[in-house]
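Whenever a hint applies, use it, and build me the whole structure from the sequences.
Residue numbers (the working numbering), protein chains in the order written: chain A, 2 to 449; chain B, 5 to 1002.
Keep in mind the hints are simulated off the structure, nothing from the lab. Just so you know, nobody snuck in bad clues.
Label pairs and their computed distance ranges (CB to CB):
id, chain 1, residue 1, chain 2, residue 2, range
1, A, 332, B, 965, 40 to 48 Å
2, B, 603, A, 326, 20 to 28 Å
3, A, 196, B, 886, 49 to 57 Å
4, A, 41, B, 657, 36 to 44 Å
Just so you know, these numbers come straight off a predicted model, no measurement behind them. We put the beta carbon where it would ideally sit given N, CA and C, even for glycine.
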Amino acid sequence: MAETPSPSSRVSYDFVTRAIARTLGNPGKGYFALLAAAVALLGVGIVCLLFLLRYGLGLAGYSHPVYWAVYITCFVFWVGIAHSGTLISAILFLFRSGWRTAVYRTAEAMTVFAVMTAGLFPLIHIGRQWYFYWLIPYPNERGLWPNFKSPLIWDEFAIGTYFTVSTVFLIMGLIPDIAAVRDVATGWRKKLYAITALGWRGTNEQWRHYSRGYLYLAALATPLVLSVHSVVSWDFAMAIVPGWHATLFAPYFVAGAIYSGVAMVITLLVPIRKLFHLEDLITPAHFENLAKLCLLTGLIVSYSYCTENFTAWFSGNPHERAAFWYRAFGPFWWASWTMNICNGLLPWLLWSKKVRTSILGLFVISIFVNVGMWFERYVIIVVSLAGEPFERFANATYNPTWADWGIMAGSFGWFFMWFLLFVKNFPAVSISEVKEVLPAPKRAKAMR
Amino acid sequence: MERRRFLKVLGATGGAAAAASACDIRPEPTQHLIPYLVPPENQVPGIATYYATTCRECAAGCGLHAKVREGRVIKLEGNPESPINQGRLCSRGQAALQGLYNPDRVTDPMARGPNGQWQKLSWEDAIGRVQAKLREARGKGIAFVTGLESGSFGELIDGWMKEIGGRHVTCEPFAFEALREGNRLAFGTAAIPSYDFANARYVVSFGADFMETWLSPVAYQNGFSRAHGFDAGRAASMAKFVYVGPRLALTGMSADEWIAAAPGTEGMLALAMAHVIVTRRLAPVPTDVARVRAALDANAPERVAAAIGIGADVIVRLAREFAASQGGLAVAGGIAAQYANGAEIVAAVNILNYVAGQVGKTIRFGPNHALEAAGSFQQLTELVADMSAGKVALLFVHGANPAHSLPAAFSEALGHVAYRVSFASCLDETAAASDLVLPDLHPLEQWNDARPRAGVYALQQPVMQPVFPGTRHAGDVLLQVAGKTGTFKEHLQTSWRGVHQRYGRSRAFDDFWNEALQHGGVYADAPAQAVHLTLDVARAAAPEKPALGWKPSPDEPALVVFPSIALHDGRGANKQWLQELPDPVSKITWHAWVEVHPDTAAKWRVASGDIVLLKSSFGAVRAPVWITAGVRPDVIAVPTGQGHKAYGRYAKDRSFNAFELLSGAPTPYGGRAHVVSVAVATTGDHRSLATTEGDAREQGRGVIEVLSLERARALTRGTHPFEERETPRYADQALRGWAEAQREKASLGNYAGNQPRWGMAIDLAKCTGCSACVTACYAENNLATVGEELVAHRRQMSWMRIERYFTGGEAGRPVGAVVTPMLCQQCGNAPCEPVCPVYAAYHTADGLNGQVYNRCVGTRYCANNCPYKVRYFNWYNYAEPGGEWESWPDPLNMLLNPDVTVREKGVMEKCTFCVQRIRGAQNRARLEDRTVQDGEITPACAQACPSEAIVFGDLHDKASRVAALAQDPRGYHVLEGLNTQPGITYLARVVDAVVAEA
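The following block contains the structure:
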């Protein structure tokens, strides 16, 4: 990431404000079609959830040893997605990587919505959803507290903290931009932005406080990038299930999370850039940097796969060996190999600069990485359980049902609904920060 | 209602409230709560009363203790005083409760109306109709078909039939005709002797499934486990067991050696062994052996070995071992007694016992089994012929379902009978084809008696008020129909005056009667009778009669129909406990299957679950294939019990009826051949087997340990060959210190004081896999049954899982099987506990892994983290009245144990070592100001176990049985390397010779 990509040369301060404010204009038919599709998917999920609440979790495909399946897979998948946002907005901010300015808002919004999606799954997947609040430590007349030894409780804190901090960070970054669009907006939007801009006037005083605050928040958010998915990984690593019980899990999961998160950012940015005509602000150079990040984390993930298998073999532990043999050659071989190919092999294409700068190529690869990372979680969760290396007699297979797919589809609907609403109502690219990396304004003459 | 409720949710405006109502958060409002204003005498709410009675689920006549709470019987346990079952009880016996509370019971007398519809009648009307029909039918033929009635009820019918010129025929699909005929051929008596398994030192079973349905399975299994169990300190321990038969039945799974003799050659093997014993003078030769000398010579090992399919040296070895043990016991039955030459096989086995000098020792005539009085298939076919010929005008059926178990000719003949009266409790096939149904009381609601074997007089008393007040004791009804005075109870007492004369003359009859009721009957010994070979035994023993009419091969296999362990002849098919009980061998629930050898399956190109069409000359059925190495390649096997066309919601239209494949012609010995030739055709259809088996092989995971007899004997006290340590020995002190510190710091509960540590020892040398413990657990702990579809998804709730793994088979190693009960190990260092976010899984002060159902939110983390996979989740609400997955439709809910919570959907559940029994005993001890004694607490599984393989107690009490067993050198913990510190110690299975060290 040596060279700092910057918006193309015809971009000026005024251009930025206009280009981004234009994205907030009256939505067209296409936008409404997308939004309707998202809401419809969400509707499917809600109907499935109502059935689940009424009849029980039996409607999903669980079997005797496979007690966690698609819902927890989706939970980890969405938490993973949520990772790149803070990485790009906070860590790269601290590293003063200028290129982040064009992409970080999208990533950050994606983070918040992904956490909102992820957080639903633990509630959906428990047997008695209506008692979910028993997991929350609150003083009660029964004197009952949750078990702080349980990784699920750690999870709750990790996700809760992450959601709070990333939301605050997103809102904070939005303030100057909202003020900018407030000044050009009309009608009800003007009123909305007037309120949400929190009285921002862009004074020196405000800017000084703002940039300090932003810096501190970035510093606060940075450790969360590492901690959240480490904690999520401990849901598995703390258990004794072969295939879960590995010290490798925290870094392995964090790398995987960033990997999938960056892939998702690419997946989202490509259409946004196209639909909102932001080609001048988000350039192939930005994508190339994202691709490099992808390549790096993808290699860490591949290394982790190798390490896992090596450890299983080297340990000589029959249960571990059986678990990994089952993973690769058991009835779920197709899932494992989807994971290996999508996450392990495909990123090698990114060594080529041609691929890295091809928007379409990156888009396709990012989709494969998303699929691969979903399958990674599926393999870790479902296949490790189904393999049942301890009690062979309790071994069973697993087949997801409509209730699994329906709620998973609903989660995508939920996520995209929020995301679509966001990009149409708030600046999807940071106005103020993009301006920061522009050269100072010049007279029109000098432009020639 | 449900749909409307659901639509309301969909259109919810006040979302939360509607969602709340849809999830059944709030309990249904209580309608009526009526306290006992005047409580019944002798009844303390919360305290169980036990009544002694007799099990009538099969002809064995085991003694029962019926546990009654608040006027309802909730559990059946073996009566420890009964000499038959010694306080043990099989699955079928346990499940009698589900017959009592069966939702498909007939509640009132019913008659077929003119349009064929059933109409309810009053009892007066019904009895009037029978009397009228009786007058009409006099002289035109009257028949009364019952199950085996060895007591006063049978006598009543006998007497009455004699009086009115009718006949009484017993219908037992497994009536052991060959056994009786074989005994008559060999010894001149058709009696069924008593088999002393407990004192046998070498057991050879020629097909006899004596742990399943053969005569008195609980008694025999109990005796067998005493003989076959391993005890290093007992010289006579570990009697070798050899099983001979074409398929590895449950009984065979306990064998040290399985000899898969060609079907029908079992008799040859017995005679060949006898030949070796006689010619080599391995035992004192009886004087009359000359009578069979020719037959023995014709069956010299080298002559018959090829036909049997084993080496002559094996026969010689078996004979030597048998004779040298000086306590050999050879039994014939099951499939071996169901060929066309079944009687000859039995006679041959008799000769083997005789020449080995065991008749009068391990086999004693005198205390004979009640089944000697059972009718025969021959008699039934004669009855069918008479019915078809119109010679039967009035037919009574009680306690039998011939329309299911007899050839189709019976159902046709039934149409020629002018009037048919059934006393059935459920509308089974026979009752459904009747004109009048007079619902009898369930055996648990009625007075009766049984004489399971000579000298044993077992009493049956009502243990509660009838569940359906509209049902009536068939005995009372018959007395009324016959125009006699008095009730059946009075009739019973009259007939017991004879018993009183013989065994209780010193006391008044009332005292004698009450005492007999308390003890469940009168138990006396019958004098032994000496028997000798008959004059024409040689003719009987000559193997000239072929067993089968053809030579079986994979192309034309011999189909063997064997009795289902759980469903028996089909009488258990309407009980969910029995339907959901995994078959101990195949582990399949809720439907039948056909057992096919892997080689044969490969030849036919079928996989497990593929449906094949089995076609014999008498009928055809469609059966899903279950591939197993436990059957000969030229034999396929199907169980009985399924394929009901009526009988009730759980039995109807389920799988196939194997009886349909069998010939309707009786065999020379008057029985029914259960082996036929079939043509097999693949259909291309498939059904997923509702099996609980995840893998047929243990894969060396250390779940089951097996020792050879030699090695087991060599183990000395204090050695622990299976010990596997995760932590090095030097760390022990530190760990102990840490544990001590934990105890001191504990603020909740008394972890420090003198708490017990509940533990269990399970002796795999005794466990046979019979699964009685499984049903006991269902009964005690309110386990839900979930049905075929959910079992196919592995959602069965059975806290007790009998794992059955096959061994051998590769590289010519003999095929065998090992079994182990797998239940919560109550780990000292339990992986399930720390992961629960709400402390629903927690550690009790006395070392149990508690589970607070009310606190559980259902994250299922505990189940993932349990390496033994013994936690079970409520995927649906199995207790919802009228719900799709309802497990206890009214009145089955009456059998729920009030001491145990019925779990809600979304909750994890598991074995608790029957914590309600532990707390009950502790409370009792506290009231009596004493400590709990060893043996005072018995979990339901241990209590039922016919092999007495499970011992429960306090590991901290060094004098307890379980503490001693936990130190046994054969002891091991499953997955000890995980450092879970289980509370259950398994004692390795011990296998004699060839199959060892699986």
